[in-house]
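J.: Using the sequences and the accompanying hints, generate a full structural model.
Number of protein chains: 2
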Amino acid sequence: MRLTTKGRFAVTAMIDLAQRQANGPVTLAGISERQKISLSYLEQLFGKLRRHSIVGSVRGPGGGYRLARAMNEVTVADIIAAVDEPLDATNCGGQENCQDEQRCMTHDLWTNLNKRMHEYLASVSLYDLVNQPKAKAVAATIAMDDRLRPARRTNVAVSA
Amino acid sequence: MRLTTKGRFAVTAMIDLAQRQANGPVTLAGISERQKISLSYLEQLFGKLRRHSIVGSVRGPGGGYRLARAMNEVTVADIIAAVDEPLDATNCGGQENCQDEQRCMTHDLWTNLNKRMHEYLASVSLYDLVNQPKAKAVAATIAMDDRLRPARRTNVAVSA
DNA sequence: CGTATAGTCGACTGAAATGTTCAAGTATTG
DNA sequence: CAATACTTGAACATTTCAGTCGACTATACG
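Heads up: the protein sequence lines correspond to chains A and B, in order. Under my numbering, the residues of the first sequence are numbered 1 to 160, in order. Under my numbering, the residues of the second sequence are numbered 1 to 160, in order.
No lab work stands behind these hints, which were simulated from the structure alone. Warning: the hint list may mix true and false statements.
Derived coverage of chain B by chain A (criterion: at least 3 residues anywhere in the stretch with Cβ under 8 Å from a Cβ of chain A; other residues may be distant) [stated by the list, open to error]: (1) 3–11; (2) 112–125.
Reference excerpt, derived from the structure (chain B facing chain A, CB under 8 Å, subset only) [said to hold, decoys possible]: (3) Leu28; (4) Val76; (5) Leu129.
This structure is a prediction, so every number in the text was calculated from the model and none was measured. Ideal Cβ positions, reconstructed from N, Cα and C, are used throughout, including at glycine.
T.: As structure tokens, this is what we get:
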């Protein structure tokens, strides 16, 4: 998973959307103005978000965008994955070949890092972001651990 | 903190260096050949690593690079910070100004995310990477879950 | 119906970051 | 001195970032 400013733009815009959708669809023009993000850039981002079924659109006057799911069902990971989309590529070429000699020693590290980051980002929903006067995400974060899940120690780690 | 392929190249090169420095300085030409990274790109990366006192150089025949500290004193976070250098990241311009109306609601999120990532990357040293026959980092990592995510969505493996 | 609204699509742009390549140095060993 | 290897800097193709533009489609409303 890549972390760039692009994902941040998308998250910022989504927060704006989540905050205002109670009054009906939210226009990109409005988000653009409030968040100081170029309208056309928003169009690109929301095109991707729409194709990933994270938002839905309503055309025509009075139209705009709405969330496609409940706020607490949309995580930051979803948003970032949608806009940063196509990329790609665990270090070692494609899947397995790595290096003979070293067996791609960084593989585990990066896979693991990705997992960590994804877990964290997936633990924060739009709901968390909107309903937080201040540092609440921090608390939500620490709470994330493995006690939610009934013992299921499968070893998923390997796959690419 | 930004996560790109650049940091991964640097970490890969540093692992190679750490593994071989017992026999004296390691040349970039060797790293280049073994790790399939362009020599000139390595030169750029190691220039930064040197300026950050993560490695030291020995000129002349038989020269090359050495670690400037013990393996367990060099973390992945150090390496990435050195090469990705100009990193910044907090959304709101510099420090505080954010947005009046929203007070930069993403601020906490990103700050926290950065902290998390940094903590994790700072918890893994070169020593850990070199002295791990196989999945040790994975073991260290644990037991976190993938929660809601329906197991497989094609984009499991993200990566830098 | 016509028009204004607002999303949809595609192409195009300038700036920056990625990686690579070339070239000219300097320090050190032998 | 000559070979080795780091040091520096410039030029370069490619990709991504972020924004712009123009044309199109769907729809609410007067």
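J.: Each of the hints needs a verdict: does it hold here or not?
T.: Hint check results:
{"no.": "1", "hint": "3–11", "result": "holds (count 4)"}
{"no.": "2", "hint": "112–125", "result": "holds (count 7)"}
{"no.": "3", "hint": "Leu28", "result": "17 Å, violated"}
{"no.": "4", "hint": "Val76", "result": "7 Å, holds"}
{"no.": "5", "hint": "Leu129", "result": "6 Å, holds"}
Violated hint: 3 only; the structure is consistent with all others.
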